[in-house]
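Student: Dock chain to chain to rebuild the complex, using the hints, since each chain is given by itself in its own frame.
Here is what each chain is made of, one letter per residue.
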Amino acid sequence: MLIPHPLLGPRDAQEFTYLGDARLIDRPDGMAEGAGAAFHDYLYLRDNPAGPHRELWYHEHGDRSWLVVTRDTTTHEILGAELVKGPGR
Amino acid sequence: MTDLIPEPALGADAPMRREIGAVTLTERTDVGLASLALRAAASEPAPFGLILPGPGDSVVLQDKGAFWTGPGQWMIEGSENGDFAATVAAEAPGCSVTEQTDGWVVLDLVAPAEALGTLLERLVNLPPEALTPGKATRTLMHHMSVVLIRRSDSRLTVMGMRSLAGSLWHALEDTAARLA
Numbered sequence: 001m002l003i004p005h006p007l008l009g010p011r012d013a014q015e016f017t018y019l020g021d022a023r024l025i026d027r028p029d030g031m032a033e034g035a036g037a038a039f040h041d042y043l044y045l046r047d048n049p050a051g052p053h054r055e056l057w058y059h060e061h062g063d064r065s066w067l068v069v070t071r072d073t074t075t076h077e078i079l080g081a082e083l084v085k086g087p088g089r
Numbered sequence: 001m002t003d004l005i006p007e008p009a010l011g012a013d014a015p016m017r018r019e020i021g022a023v024t025l026t027e028r029t030d031v032g033l034a035s036l037a038l039r040a041a042a043s044e045p046a047p048f049g050l051i052l053p054g055p056g057d058s059v060v061l062q063d064k065g066a067f068w069t070g071p072g073q074w075m076i077e078g079s080e081n082g083d084f085a086a087t088v089a090a091e092a093p094g095c096s097v098t099e100q101t102d103g104w105v106v107l108d109l110v111a112p113a114e115a116l117g118t119l120l121e122r123l124v125n126l127p128p129e130a131l132t133p134g135k136a137t138r139t140l141m142h143h144m145s146v147v148l149i150r151r152s153d154s155r156l157t158v159m160g161m162r163s164l165a166g167s168l169w170h171a172l173e174d175t176a177a178r179l180a
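First to last, the sequence lines map onto chains A and B.
Taking full-length UniProt numbering, I'd label the letters of the first sequence as residues 1 to 89.
Taking full-length UniProt numbering, I'd label the letters of the second sequence as residues 1 to 180.
Bound-form chain B, shown alone (with noise of 0.2 Å):
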């Protein structure tokens, strides 16, 4: 059988890198994605030891990651490319759980924390306290829905649909060069 290689998202041979004045954006193909939705009246686990976070939140731990989707649904992360999907659920028994790794464009903003927000400031409506570290939320930018978790002052990922990968990547570089 032929042994196929998946493309990256922005369909390069490797995750494009690019450096736009003091904001660095990476391609991320080393995450591993899948939804979690709680069933009726059933009780929240803690997949991978992660307590699952509240409205508009995401935790860490280790090589794991939760973060909020909506009542009752969390996007579980980890550092997996293999069937994900089959790991988390294993760690969350009676959750409905789907695979979304291949779903997702991921891509990592580096910047000085002040920067960063004066790039969110033009690309997103939402309150700074909104994107504070830690904090995760689904919004729209560019008419495209994009989800966005705030790893640390400097540091801020940005998720969307993988089939329009190539137009958020021309956003945030085009957002960036203009503040450059």
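Isolated chain A, as found in the complex (with noise of 0.2 Å):
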């Protein structure tokens, strides 16, 4: 399996860890009211889809970023790539 790096070009996936799901990127904020209840649906409640999801990469073996890649979970064909933005990136 090919993932291509926005920077780098196509690489090996076996440069890459596994992460899960993109959406453990919205943490949402342990002060707020209710943050209990919203800490269980981040923490179990995720969507398992048969097509495309998104889904967090780390470049372990290459330049350490994180990349959120779209994939086909019934074919594996990677329908993008595209760098982690956030605070300190």
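All clues given are correct.
Per label pair, the in silico range of CB-to-CB distance:
1) B/L4 / A/A38: 53 to 63 Å
2) A/T75 / B/A14: 51 to 61 Å
3) A/P10 / B/H142: 17 to 27 Å
4) A/T70 / B/G94: 34 to 44 Å
5) A/P28 / B/T98: 33 to 43 Å
6) A/R23 / B/T98: 27 to 37 Å
7) B/L4 / A/M1: 45 to 55 Å
8) A/V84 / B/I51: 25 to 35 Å
9) B/G54 / A/D72: 23 to 33 Å
A few chain B positions that, by computed beta-carbon distances, are all more than 10 Å from chain A:
10) A12
11) A22
12) T26
13) E27
14) V60
15) E91
16) P93
17) V110
18) P112
19) G134
20) S152
21) L164
22) W169
23) A177
Since the hints were derived computationally from the structure, they do not count as laboratory data.
Don't be surprised by glycine CBs; every beta carbon is placed ideally from N, CA and C.
Tutor: See below:
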């Protein structure tokens, strides 16, 4: 499987480690009202789609960047990859 | 105080060197290394006059060099073996600089361009254009993280973790021997 790294071009999937659903980026505010329920949903309620899925991959044996990879879970076709942007990146 | 002399990464008295067919494999002990990382909202420095390269690239200026290791991160190379990080830090004010010299084993592969290409086909899963002269990239080789720097058509530097120097040497030696 090849992952089209936005900066480095096609890279072997072996260079990456997989974390999971890209929704993990949207961590709830732990100090807000109803944080317990929000964290329950964040931690346990994940979609498990048959089809395109946005997921987090870490380029561990490369430039150590986090990518959001869109992968079709039924065919393993990689539909796109983008760098995770956020504080400190 | 005892005057201690550091041992080469491969553990011999002198740096290792082997010729296998058209390929010459040499251990380098004259390389000083320091990583340089930008802090938030910092502007890019130009240590030793080096224009820091973009993704997948390297630059050389006299006896200093730099290659890209990640967004906002580079490795600086020099011929100095003392406190290289301090030298780099003085050239890159406001940046995070960490000494790396003793963490790595640095091996040079010299071979005709064609032989080097054939060797790379067997060692790493990268398209040839990712390793044209001047390119530098981190990847997997025999399940080991390595940095490859293509100095020229006929010269490639392989950097790996010092603790796996022996395995890296073995992988390169073995592959070269099979092609010889």
